[in-house]
Amino acid sequence: MVIIDDKLTQSSRLSRYSCSTCRHQKKKCDRRQPQCSLCQRYDRVCVYKNTRNSLVLGTSPESLSGALSTTPTKVQRDQNGFPAVYFTDSALFWRSVGSLPDANLPISPDLLSLVEDVATVRKFTEAFFRYNYPWAPFICRRNFMERILNPLSGRRCENVLLIAAIKLITTEPDANASSTMYCSLKRSFLEVELSGSLTFRTLQALVLVAIYELGQAIYPSAYLTVGYCARYGIALGIDRTIDSLYSSKLDGSEEERRTWWTIILLDRYLNVGCPERALLIEEPRNTSVLPMDDKLWQMGYPPPNPPLVMSSPPTEAMGRFCLTVQAAYLLGKVLRYTGPQESGHRILEHEARILDNTIAALTKVTLQESVKRAHDSFLTKRWLGLIGTTPF
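Following the working numbering, the numbering of the sequence shown begins with 3 at its first residue and continues without gaps.
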């Protein structure tokens, strides 16, 4: 009778299903609770799920809470709810699921410590939009202030990542460019990736980190991060924004387009010293849509109709970032022509002459635009000084 009771007790301690880790690794699980033999041997968290993906745990709530707090990345792998069909069958995904999951991830203490002081956050944000933003205007200032810095919007992990990246790029680095802040931020990106999150704000934060790594000559991380940005952007589908002007979200479409052009710009810049290395992103088309004028975008104006495209002749009215994008496009052509030539695709003399003339024309327009911008800035400051106001 005792033997039968022992067998019944042992049977009642077995889970109906294998644990998540054994199932994921296709290992034979003995289904023992609170921890199967394999998880016990490798000292990892053992989580049981039923067919509806709700947790069936042999551990007590107290022991589970301790395990989750000590090994977050292990549990994140098991609880990654990202729909794989998004990558394996996109047509089926858009027919059935239709949108990516809104994963409001927990914010790690290391990441949160970078942006806790509200006054400091305001200070380096103002510095970013004053000094860094003009030459890389891919973050909409109005949306950033209203939706990310707004205390009523709540703290989301991707927003905190973006704020921390802005702090990184506006903080003067010490002797060691790979500072604690930089390493903490890189670690946070890995945690977000393992959690199954794929968001536009995370991509923008990645672009800022790539710019920081390029500026501080942190290689090969800079090269790899730009490649990561390209893959991330393609996964989100923002590479298609330069081929279509309008979308359901006008501001979002322009911001996504500018972010993708920034990634293309970084890709071309990375290869200036190594033209033999393949570009990460293919050459834009003549019909690719250019970013609109920076000032008009920040003021909330709609894009011009018809839109500016790559084949449009450069003018002063295009704006600084639009002219920079055209320069990046021409740089890509120069890299392709100066790199190893495929058989049958050698550059012809008249093509080289056309490219040289185009670069000269763009250089002339860019100089004229910079003089006009400096003159307008001087008049603006003088007018604001007369009325007793200081510019932002």
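Don't read these hints as lab results, they were simulated from the structure.
No experiment lies behind these values; they were computed from the predicted model shown.
By construction, the Cβ of each residue, glycine as well, lies at the ideal position given by its N, Cα and C atoms.
Mixed in with the good hints, there may be bad ones.
[Claimed, not checked] Straight line, CA to CA, 27 Å or less: simulated DSS-like cross-link-like pairs of lysine-lysine:
id: 1; residue 1: K125; residue 2: K29
id: 2; residue 1: K335; residue 2: K125
id: 3; residue 1: K335; residue 2: K366
id: 4; residue 1: K297; residue 2: K188
[Stated by the list, open to error] Here are the in silico distance ranges between beta carbons for each label pair:
id: 5; residue 1: P222; residue 2: A121; range: 54 to 64 Å
id: 6; residue 1: Y133; residue 2: P153; range: 38 to 48 Å
id: 7; residue 1: R355; residue 2: G156; range: 16 to 26 Å
id: 8; residue 1: H352; residue 2: P108; range: 56 to 66 Å
id: 9; residue 1: R132; residue 2: A362; range: 25 to 35 Å
id: 10; residue 1: D91; residue 2: P111; range: 20 to 30 Å
id: 11; residue 1: P153; residue 2: A319; range: 17 to 27 Å
id: 12; residue 1: E128; residue 2: R355; range: 26 to 36 Å
id: 13; residue 1: R143; residue 2: A319; range: 19 to 29 Å
id: 14; residue 1: E174; residue 2: S101; range: 18 to 28 Å
id: 15; residue 1: T173; residue 2: D358; range: 17 to 27 Å
id: 16; residue 1: R132; residue 2: N152; range: 13 to 23 Å
id: 17; residue 1: T90; residue 2: E195; range: 17 to 27 Å
id: 18; residue 1: T360; residue 2: V87; range: 40 to 50 Å
Determine which of the earlier numbered hints do not hold for this structure and return their numbers in increasing order. 1, 2, 4, 5, 6, 7, 10, 11, 12, 14 and 15
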